[in-house]
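Q: Now for the letters of each chain:
There are 2 protein chains.
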Amino acid sequence: MKNEFMQKAIDLSVESVKNGGGPFGAVIVKNGEIIAATSNSVTKDNDPTAHAEVNCIRQATKKLATFDLSGCEIYTSCEPCPMCLGAIYWARLDKVYFANTKNDAKEIGFDDSFIYDEIAVPIEKRKIPTIQIMRNEALIAFRNWTAKEDKIEY
Amino acid sequence: MKNEFMQKAIDLSVESVKNGGGPFGAVIVKNGEIIAATSNSVTKDNDPTAHAEVNCIRQATKKLATFDLSGCEIYTSCEPCPMCLGAIYWARLDKVYFANTKNDAKEIGFDDSFIYDEIAVPIEKRKIPTIQIMRNEALIAFRNWTAKEDKIEY
Chain A
1 MKNEFMQKAI
11 DLSVESVKNG
21 GGPFGAVIVK
31 NGEIIAATSN
41 SVTKDNDPTA
51 HAEVNCIRQA
61 TKKLATFDLS
71 GCEIYTSCEP
81 CPMCLGAIYW
91 ARLDKVYFAN
101 TKNDAKEIGF
111 DDSFIYDEIA
121 VPIEKRKIPT
131 IQIMRNEALI
141 AFRNWTAKED
151 KIEY
Chain B
1 MKNEFMQKAI
11 DLSVESVKNG
21 GGPFGAVIVK
31 NGEIIAATSN
41 SVTKDNDPTA
51 HAEVNCIRQA
61 TKKLATFDLS
71 GCEIYTSCEP
81 CPMCLGAIYW
91 ARLDKVYFAN
101 TKNDAKEIGF
111 DDSFIYDEIA
121 VPIEKRKIPT
131 IQIMRNEALI
141 AFRNWTAKED
151 KIEY
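Those protein sequence lines, which keep their order, are chains A and B. Here the first sequence is numbered in the numbering used here, starting from 1 and rising by one per residue. Here the second sequence is numbered in the numbering used here, starting from 1 and rising by one per residue.
In case anyone wonders, no lab produced these hints; they're calculated from the structure. Heads up, some of the hints might be wrong.
[Unchecked claim] Just some of the chain A residues that point at chain B, by a computed CB distance under 10 Å:
| hint | residue |
| --- | --- |
| 1 | Val-17 |
| 2 | Ile-34 |
| 3 | Ile-35 |
| 4 | Arg-58 |
| 5 | Glu-137 |
| 6 | Tyr-154 |
[Unchecked claim] Think about it this way: if two alpha-carbon atoms lie no more than 30 Å apart in a straight line, the pair counts; the simulated DSSO-like pairs of lysine-lysine are:
| hint | chain 1 | residue 1 | chain 2 | residue 2 |
| --- | --- | --- | --- | --- |
| 7 | A | Lys-44 | B | Lys-44 |
| 8 | B | Lys-18 | A | Lys-8 |
| 9 | A | Lys-127 | B | Lys-8 |
| 10 | B | Lys-8 | B | Lys-18 |
[As the list claims (entries may be wrong)] Here are some chain A residues pointing at chain B (derived, C-beta under 10 Å):
| hint | residue |
| --- | --- |
| 11 | Asn-31 |
| 12 | Glu-33 |
| 13 | Lys-127 |
We treat Cβ as the ideally placed atom computed from N, Cα and C, and that holds for glycine.
Only chain A is shown next, with the shape it has when bound in the complex (with noise of 0.2 Å):
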């Protein structure tokens, strides 16, 4: 089965090349079903964001109606960039398969490598440059935070 869903993620990135977006796929599987099966759309839908994993994910969550895939595994063509592998933490998935590599990523001028380079480096050196500002004020919704009963965790 394993092999099964990954040729679909990779059917999933063939596809998405030919129609014009970028060459990644993903599927989630429950209980050997795939629930949710998607490409990257970043090109088609005007959104850095949507790379195959996070629109899978995105999908997934609204068809189960959770933000937490616990029990599902995700496939993907290629080794989450550091934003998809941040998802796939949030969103509490089982299990990640993967094909491609960074650095096969990288070798056809993609910037995951250097993604995850960044998020190693002291905020100080980043090539963005990221500024501490005003922590004392943000701090109350904080502990505004703390102090309700009733919120729903995450």
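Following the hints, put chain B in place on chain A, whose structure we already have.
A: Using the frame of chain A, we list chain B on its own:
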């Protein structure tokens, strides 16, 4: 102006808690004007990717009808998690201002620090099992991408 923009992001984070959302807000500014203003809507939208920054990037790119936010700055009430930092890089924002830190977020129960740690760890040591299969089959989409002459790069 910087402090005004951040205050708006903070106001959104405080409002969000009142409305049952996570304690995070963000705005994107272009040429001295706010073009997008959002808060975290993970639980409201059943979407684990709906962090304030991702929502803000999606709102701004929709408004400007482009996936490229060069020339724009983001003000976020909390240091971006890896998912949001990845989104910021993919969107090619010029600058990031943040207020609360990832450690502040950790102290009120959010996984940002954990995900930063996980990204830095080799794949075989990640808490979410991550397995490579079928690279040879998947590379075809990458070769097709390279060969495609009329592709829209991003």
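Q: Does the CB of Val-17 of chain A sit less than 10 Å away from some CB of chain B?
A: holds (5 Å)
Q: Was the hint right that Ile-34 of chain A lines chain B, CB cutoff 10 Å?
A: Since the shortest Cβ distance to chain B is 16 Å, the answer is violated.
Q: Measuring from the C-beta of Glu-137 of chain A to each C-beta in chain B, is the shortest one below 10 Å?
A: holds (5 Å)
Q: Any CB of chain B closer than 10 Å to the CB of Lys-127 of chain A?
A: holds (8 Å)
Q: Let me know if the C-beta of Glu-33 of chain A comes in closer than 10 Å to any C-beta of chain B, holds or violated.
A: Since the shortest Cβ distance to chain B is 19 Å, the answer is violated.
Q: Has the given pair, Lys-18 of chain B with Lys-8 of chain A, been kept, meaning a C-alpha gap of at most 30 Å?
A: violated (43 Å)
Q: Would the hint on Ile-35 of chain A be counted as holding, given a Cβ-Cβ threshold of 10 Å to chain B?
A: violated (14 Å)
Q: Tyr-154 of chain A was flagged as interface toward chain B. Is the shortest Cβ-Cβ separation under 10 Å?
A: holds (5 Å)
Q: Given the hint that Lys-44 of chain A pairs with Lys-44 of chain B, test it: the Cα-Cα distance must not exceed 30 Å.
A: holds (26 Å)
Q: Asn-31 of chain A was flagged as interface toward chain B. Is the shortest Cβ-Cβ separation under 10 Å?
A: violated (18 Å)
Q: Hint check: Lys-8 of chain B vs Lys-18 of chain B, CA-CA at most 30 Å. Holds or violated?
A: Satisfied, since the Cα-Cα distance of roughly 15 Å is no more than 30 Å.
Q: Given the hint that Lys-127 of chain A pairs with Lys-8 of chain B, test it: the Cα-Cα distance must not exceed 30 Å.
A: holds (25 Å)
Comparing the model with each earlier hint shows violations of hints 2, 3, 8, 11, 12; every other hint is respected.
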